[in-house]
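J.: Using the hints provided, position chain U relative to the given structure of chain Z.
There are 2 protein chains.
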Amino acid sequence: MIKVDIVLAGFGNLGRAFAGLLLEKHHILVKRYGLDLRLRAIFRSCGGLKLKSPAAVGGLLKGKTRPAGKPCPWDPEVRLSASLVRGARGVFVACTTSDGRTGEPGLEHIRLGLSRGWHVVTADKSPLVAGFEELRRSAGKKGLTLGFSAAAGAALPALDVALGSLAGADITAVEGILNGTTNYILTRMREGADFDGALGEAQARGIAEPDPSRDIEGRDTAVKLLLIANAAMGLELRLEEIEIEPMTGVSPEDLLSADKKGEALKYLGRVERNAGKIRAEVKVRAIPPAHPLFAVNGTNKGITFLTDTMGAVTVTGGQSDPRGAAAALLKDIINIYRR
Amino acid sequence: MIKVDIVLAGFGNLGRAFAGLLLEKHHILVKRYGLDLRLRAIFRSCGGLKLKSPAAVGGLLKGKTRPAGKPCPWDPEVRLSASLVRGARGVFVACTTSDGRTGEPGLEHIRLGLSRGWHVVTADKSPLVAGFEELRRSAGKKGLTLGFSAAAGAALPALDVALGSLAGADITAVEGILNGTTNYILTRMREGADFDGALGEAQARGIAEPDPSRDIEGRDTAVKLLLIANAAMGLELRLEEIEIEPMTGVSPEDLLSADKKGEALKYLGRVERNAGKIRAEVKVRAIPPAHPLFAVNGTNKGITFLTDTMGAVTVTGGQSDPRGAAAALLKDIINIYRR
Numbered sequence: 000m001i002k003v004d005i006v007l008a009g010f011g012n013l014g015r016a017f018a019g020l021l022l023e024k025h026h027i028l029v030k031r032y033g034l035d036l037r038l039r040a041i042f043r044s045c046g047g048l049k050l051k052s053p054a055a056v057g058g059l060l061k062g063k064t065r066p067a068g069k070p071c072p073w074d075p076e077v078r079l080s081a082s083l084v085r086g087a088r089g090v091f092v093a094c095t096t097s098d099g100r101t102g103e104p105g106l107e108h109i110r111l112g113l114s115r116g117w118h119v120v121t122a123d124k125s126p127l128v129a130g131f132e133e134l135r136r137s138a139g140k141k142g143l144t145l146g147f148s149a150a151a152g153a154a155l156p157a158l159d160v161a162l163g164s165l166a167g168a169d170i171t172a173v174e175g176i177l178n179g180t181t182n183y184i185l186t187r188m189r190e191g192a193d194f195d196g197a198l199g200e201a202q203a204r205g206i207a208e209p210d211p212s213r214d215i216e217g218r219d220t221a222v223k224l225l226l227i228a229n230a231a232m233g234l235e236l237r238l239e240e241i242e243i244e245p246m247t248g249v250s251p252e253d254l255l256s257a258d259k260k261g262e263a264l265k266y267l268g269r270v271e272r273n274a275g276k277i278r279a280e281v282k283v284r285a286i287p288p289a290h291p292l293f294a295v296n297g298t299n300k301g302i303t304f305l306t307d308t309m310g311a312v313t314v315t316g317g318q319s320d321p322r323g324a325a326a327a328l329l330k331d332i333i334n335i336y337r338r
Numbered sequence: 000m001i002k003v004d005i006v007l008a009g010f011g012n013l014g015r016a017f018a019g020l021l022l023e024k025h026h027i028l029v030k031r032y033g034l035d036l037r038l039r040a041i042f043r044s045c046g047g048l049k050l051k052s053p054a055a056v057g058g059l060l061k062g063k064t065r066p067a068g069k070p071c072p073w074d075p076e077v078r079l080s081a082s083l084v085r086g087a088r089g090v091f092v093a094c095t096t097s098d099g100r101t102g103e104p105g106l107e108h109i110r111l112g113l114s115r116g117w118h119v120v121t122a123d124k125s126p127l128v129a130g131f132e133e134l135r136r137s138a139g140k141k142g143l144t145l146g147f148s149a150a151a152g153a154a155l156p157a158l159d160v161a162l163g164s165l166a167g168a169d170i171t172a173v174e175g176i177l178n179g180t181t182n183y184i185l186t187r188m189r190e191g192a193d194f195d196g197a198l199g200e201a202q203a204r205g206i207a208e209p210d211p212s213r214d215i216e217g218r219d220t221a222v223k224l225l226l227i228a229n230a231a232m233g234l235e236l237r238l239e240e241i242e243i244e245p246m247t248g249v250s251p252e253d254l255l256s257a258d259k260k261g262e263a264l265k266y267l268g269r270v271e272r273n274a275g276k277i278r279a280e281v282k283v284r285a286i287p288p289a290h291p292l293f294a295v296n297g298t299n300k301g302i303t304f305l306t307d308t309m310g311a312v313t314v315t316g317g318q319s320d321p322r323g324a325a326a327a328l329l330k331d332i333i334n335i336y337r338r
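Line by line, the protein sequences are chains Z and U.
First residue of the first sequence: 0, per numbering that gives the first Met the number 0; consecutive thereafter.
First residue of the second sequence: 0, per numbering that gives the first Met the number 0; consecutive thereafter.
Each statement offered as a hint is correct.
One copy or two, either will do: identical chains are not told apart, so a pair holds if it fits within one copy or between any two.
In silico DSSO-like pairs for lysine-lysine, Cα to Cα no more than 27 Å straight-line:
#: 1; residue 1: 141; residue 2: 30
#: 2; residue 1: 61; residue 2: 51
#: 3; residue 1: 141; residue 2: 2
#: 4; residue 1: 30; residue 2: 276
#: 5; residue 1: 140; residue 2: 2
#: 6; residue 1: 61; residue 2: 2
#: 7; residue 1: 140; residue 2: 30
#: 8; residue 1: 51; residue 2: 30
#: 9; residue 1: 51; residue 2: 2
#: 10; residue 1: 2; residue 2: 30
If you are wondering where the hints come from, they were derived from the structure by calculation, not from laboratory data.
Computed from a prediction, not measured in an experiment: that's the story for all the values here.
Next comes chain Z alone, as it looks inside the complex (with noise of 0.2 Å):
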């Protein structure tokens, strides 16, 4: 049995969600891979709380994060830097929601953990965006993981299959629909609703932000390739080296044109490695019933990596909601031990 300290940071949606998971997995941890994971502290951006016992965590996602007539359990003089004790060698989650550009407060916090001598696993992406040569050399230079599966593609297993399944092989691209938001409003307008009709049904659905521009711009796309695309093809690609089109500009007389076709339009993040040269971009393209993302519909994402040695291999599928990201921030712990 190995017993391993948890400290999480968020709890939002995401952070509550892993929680949960963590309780109700507890015995079957144990018992399946002799894992004992001991959540011992939360941090939110108002403080900290230190967990005496895995009861604790369920009261505190039955009631609200804060029950009425209580006082806040959430304690400024808890701190993130006094948790991660030096050596102990236990998991940080990062569930925070980091800036865009400055990758921060993840960034930092991040850094803390490996400094300290904690594996990280993150559901983060912007950290990863603006440090992911630092964090991973880091990592590697004292044994640690660094586990982003939740970032790029969550229950979708794109980075496991990269790296794991596909070890050994050259992968001269990936192509993947790496956002649900789009892809249900491109499904939506290919059964006739128009781009504005479909957004607002994603938005009433919950499907899409109520600002769903960090989706429907292609930001979101490209973040997630740029992580995959990396750590599948061995790449130091910057955001700014991906050709990204909104996909705010598709016309019905593209769907009706693809259509005619028999073809499919959808919002494709896709690199390449031709003769050397790397071609990254994100942008609406038409692709036939044999393309096999062709039927990956709705909120669904699916990946697609070209290999020289095992063809073309494609994953697709994954719950995308918080227990989905959830489970794969999980995935990621096991896999730390199960060797």
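T.: For chain U alone, kept in the frame of chain Z given last:
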């Protein structure tokens, strides 16, 4: 740098593809994974061959296995048992084709490898069907790996996804198109061919064996399903517990009726757990366009895992030839040493 001795049994299409891949990838494996894989000996039923250098394999692969006018290089006095040096912790790679009922000679070879302290990576299904639990326990006790990706989907990464990407999730059902020959036949029948015509075509193109019974009667699908489902769902299912319907019974009427509903006929292996009861079957089923395996056509394969936390995750594709299977063997070897 880790130096790893490799001993190979079997030198047919797959064994040769594997030996060739080791040569081709030697440089990249050193650079990317710090792995120096050294093929030390090869065994066939007629004898063994010790290799003094990697170049020796090159010569063997270029010519016939017995160059005209030269003495046979395979020496019956060179024995597998002498090459698997006790405690060397190299990798024994099994590319033989064993008897479907007894699992021999592969079972004896794999037992020997494990007992001598060698990791085992195998493409040979029959020994796993005959003795999986025994072999798994024997490997586990000694801290050795028994890799069998190449036997359970080859370049389609079914096992990695089940064991790695879905770690922590409960897999409630596994459903797959696991045989390329029968999927090709059904695809061609949907396009208008009759069964005999489609089968003849598959044989002419080298997709189907001269004796296609293992494929069309469902045993090949059942065996792969067994290996994947047992590993993925933690079962100890036996082959005789799988209800197998040959796919030869598909009629033009079945195809017509499916087509009318916009459905496709697929030869599916399926294991599901329902209220604690396991149900396992191989049969032709009609699936709707929204099914993630709907568009898996021709010789392509695919597998869907249903889970409690990550939804449905599907993998499709993977090159289905000796090179793809050899790449799966190599992948298993890399992953033994990667952490």
